[in-house]
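J.: Generate the whole structure from the sequences, applying the supplied hints.
Protein chains: 2
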Amino acid sequence: MSSATQGPTLSPFIVFDALNAYQRTAALRAGIDLDLFTAIGEGNSSVPAIARRVGASEKGTRILCDFLGIIGLLKKDGAAYSLTPDSAMFLDRRSPACFADAAQFLGSIRPMFDSLTEAVRQGGTTLEGQGSVEDNNPLWIEFAQSMAPLMALPAEMIAQQLGAAQAGAWKVLDIAAGHGLFGIALARHNSQAHIVALDWDAVLDVARANARKAGVDARYSTKPGSAFDIDFGTGYDIVLLTNFLHHFDPPTCEGLLRKVHASLANGGRVVTLEFIPNDDRVTPPTDAMFPLIMLATTRSGDAYTFAELDSMFHNAGFSRSELRELTPLPQRIVVSYK
Amino acid sequence: MSSATQGPTLSPFIVFDALNAYQRTAALRAGIDLDLFTAIGEGNSSVPAIARRVGASEKGTRILCDFLGIIGLLKKDGAAYSLTPDSAMFLDRRSPACFADAAQFLGSIRPMFDSLTEAVRQGGTTLEGQGSVEDNNPLWIEFAQSMAPLMALPAEMIAQQLGAAQAGAWKVLDIAAGHGLFGIALARHNSQAHIVALDWDAVLDVARANARKAGVDARYSTKPGSAFDIDFGTGYDIVLLTNFLHHFDPPTCEGLLRKVHASLANGGRVVTLEFIPNDDRVTPPTDAMFPLIMLATTRSGDAYTFAELDSMFHNAGFSRSELRELTPLPQRIVVSYK
Numbered sequence: 000m001s002s003a004t005q006g007p008t009l010s011p012f013i014v015f016d017a018l019n020a021y022q023r024t025a026a027l028r029a030g031i032d033l034d035l036f037t038a039i040g041e042g043n044s045s046v047p048a049i050a051r052r053v054g055a056s057e058k059g060t061r062i063l064c065d066f067l068g069i070i071g072l073l074k075k076d077g078a079a080y081s082l083t084p085d086s087a088m089f090l091d092r093r094s095p096a097c098f099a100d101a102a103q104f105l106g107s108i109r110p111m112f113d114s115l116t117e118a119v120r121q122g123g124t125t126l127e128g129q130g131s132v133e134d135n136n137p138l139w140i141e142f143a144q145s146m147a148p149l150m151a152l153p154a155e156m157i158a159q160q161l162g163a164a165q166a167g168a169w170k171v172l173d174i175a176a177g178h179g180l181f182g183i184a185l186a187r188h189n190s191q192a193h194i195v196a197l198d199w200d201a202v203l204d205v206a207r208a209n210a211r212k213a214g215v216d217a218r219y220s221t222k223p224g225s226a227f228d229i230d231f232g233t234g235y236d237i238v239l240l241t242n243f244l245h246h247f248d249p250p251t252c253e254g255l256l257r258k259v260h261a262s263l264a265n266g267g268r269v270v271t272l273e274f275i276p277n278d279d280r281v282t283p284p285t286d287a288m289f290p291l292i293m294l295a296t297t298r299s300g301d302a303y304t305f306a307e308l309d310s311m312f313h314n315a316g317f318s319r320s321e322l323r324e325l326t327p328l329p330q331r332i333v334v335s336y337k
Numbered sequence: 000m001s002s003a004t005q006g007p008t009l010s011p012f013i014v015f016d017a018l019n020a021y022q023r024t025a026a027l028r029a030g031i032d033l034d035l036f037t038a039i040g041e042g043n044s045s046v047p048a049i050a051r052r053v054g055a056s057e058k059g060t061r062i063l064c065d066f067l068g069i070i071g072l073l074k075k076d077g078a079a080y081s082l083t084p085d086s087a088m089f090l091d092r093r094s095p096a097c098f099a100d101a102a103q104f105l106g107s108i109r110p111m112f113d114s115l116t117e118a119v120r121q122g123g124t125t126l127e128g129q130g131s132v133e134d135n136n137p138l139w140i141e142f143a144q145s146m147a148p149l150m151a152l153p154a155e156m157i158a159q160q161l162g163a164a165q166a167g168a169w170k171v172l173d174i175a176a177g178h179g180l181f182g183i184a185l186a187r188h189n190s191q192a193h194i195v196a197l198d199w200d201a202v203l204d205v206a207r208a209n210a211r212k213a214g215v216d217a218r219y220s221t222k223p224g225s226a227f228d229i230d231f232g233t234g235y236d237i238v239l240l241t242n243f244l245h246h247f248d249p250p251t252c253e254g255l256l257r258k259v260h261a262s263l264a265n266g267g268r269v270v271t272l273e274f275i276p277n278d279d280r281v282t283p284p285t286d287a288m289f290p291l292i293m294l295a296t297t298r299s300g301d302a303y304t305f306a307e308l309d310s311m312f313h314n315a316g317f318s319r320s321e322l323r324e325l326t327p328l329p330q331r332i333v334v335s336y337k
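Residue numbers (the working numbering), protein chains in the order written: chain R, 0 to 337; chain H, 0 to 337.
Watch out, some of these pointers could steer you wrong.
Because identical chains cannot be distinguished in the list, a pair is counted as satisfied if it fits within a single copy or across any two copies.
What the hints assert, rightly or not - Mimicking SDA-like on lysine to any residue, the simulated pairs with C-alpha atoms at most 25 Å apart in a straight line are:
1) Lys75 / Asp286
2) Lys337 / Gln159
3) Lys74 / Arg51
4) Lys75 / His245
5) Lys58 / Ala315
6) Lys75 / Ser45
7) Lys75 / Pro283
8) Lys75 / Phe12
No lab work stands behind these hints: they were computed from the structure.
T.: Structure representation (structure tokens):
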């Protein structure tokens, strides 16, 4: 170490910050459990008023609110707490974009990180029957239910990027549809589109309910089962592959992409939504941190760079692939042409 | 919300960052478990070399190293990883200031945060027999063993601040001595000082061993038991009250401080080491985040502002108290005069 980096500039802060980082998750989860953000959004701004509204002690409420203030999820002016623009949008249950329930889903994978050391040793989770892509894992019903509010914006952006509103009578395959929002957005933008949604049958219940709510159920059909086993059919103009490839290793991805290629009409496109790290694998942070989740929760998943995805699509027969941003979202899309 | 704060500047990033923050803790703990920081400090810089040295898969090693790079605990240049000044000092086991073992202690309180919502409701932990200040809680043996490397610096700084080297034959009481390092530092600086260390007997084993190692055991005696029950004796020049008051409510603290006041010689001083938030209770961040740990792990603990501590000392009979910084450390000390 050079002398320039020694002395008072060194501080254990950054190490402690990581050792204690789990407390941020616990504080946010407690805030969501107590519906603290809605209470504050309704105008309760003092500790006594908030405590009364959420049914908690004043001391606990004060400590929790201060902590959430420090991590940027509340504002504090004098003794008055208020929501930030982010917490008003995403954590107040009166907001249509609220994804407080996503905390449920994200909480359900948390125990798998207790075995992270072993996952690093083995290159993937070793938890018996716990790989998140196990057949009919009930995790995905929870995922479909809780993550939908968060997917409305990327689904809308993808429909716009593809020019769905200006297109003809599309036939769309939505692989691992989950909540179904990506296919449903295409059906909403394109009144002649027909969507075929594929997922485990119990998960498709969620997608079918969302299609009914969106008024597109007459143009919505489903194929229950594993994307690796069932027949896709043919003649699709668009195949949606959203948040799916990261669960698998490259040979498995390529095998699936060959099957997707065969199902496309001439001129058809695949839209892949992913966390896509840059080639340095440490930027942008949200995309580049995602592989750890795959390491901890799947046997062979990862997050792939565009170069890696481009190579998989090329090997599966696609003529070319384009990387596109979904600014301001961290995820990106790859559009690949047959 | 004003229109100026809507639209593309809003991002769920800050909410996700908190929901996923526990992954930072898991990654650092996995790095410590695998002794990854020592491996990299020794000069292993490529994924294959690091993986071989720590006995892990290349894929898992690559994903973990990238994640630790993103959170600032490793540097990455091209494909080569190296330690940061902080991780070299605090996480490489070849460094004398390494506190990798503190992760053990900090890990042992982590499960208590699973009940944080209930602790907010009640104003303290409700876990049966789990309050961290229970009699003879084995937590404190682990604390004394694992946190010592981290306490060497503040112990040294306190000995200097008090002018221990220039003082006469001090009689020092070290309340809740734990590893004993604060009293031992005074004995090292002042060759005529006699230290009386107070803690549970099993914890005092750790303090006595550290006193022997420091060569001050001839001037080191111990009083096993609870600070609230046992007789302190009298005539102390210095009483050390380090990281103790935050476990208790103000009336309990005041009761203890009255007992401390009675044990001091005329002109005697108490040195209180604490996380001391500013009056706004949201700065500085490390001090202001500390109350959440007390909420989750004690029945009635908190972190007190200087105004609150000053008032407790005043009520217990002390003439005045001074707040002093221990820059660059986040903790501060209060020196109170009989």
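J.: The structure should be examined with respect to each hint, and the outcome stated for every one.
T.: Hints versus structure:
no., hint, result
1, Lys75 / Asp286, "between (31 Å within a copy, 17 Å between copies)"
2, Lys337 / Gln159, "within (21 Å within a copy, 73 Å between copies)"
3, Lys74 / Arg51, "within (19 Å within a copy, 47 Å between copies)"
4, Lys75 / His245, "between (39 Å within a copy, 23 Å between copies)"
5, Lys58 / Ala315, "between (60 Å within a copy, 24 Å between copies)"
6, Lys75 / Ser45, "within (10 Å within a copy, 46 Å between copies)"
7, Lys75 / Pro283, "between (30 Å within a copy, 14 Å between copies)"
8, Lys75 / Phe12, "both (24 Å within a copy, 20 Å between copies)"
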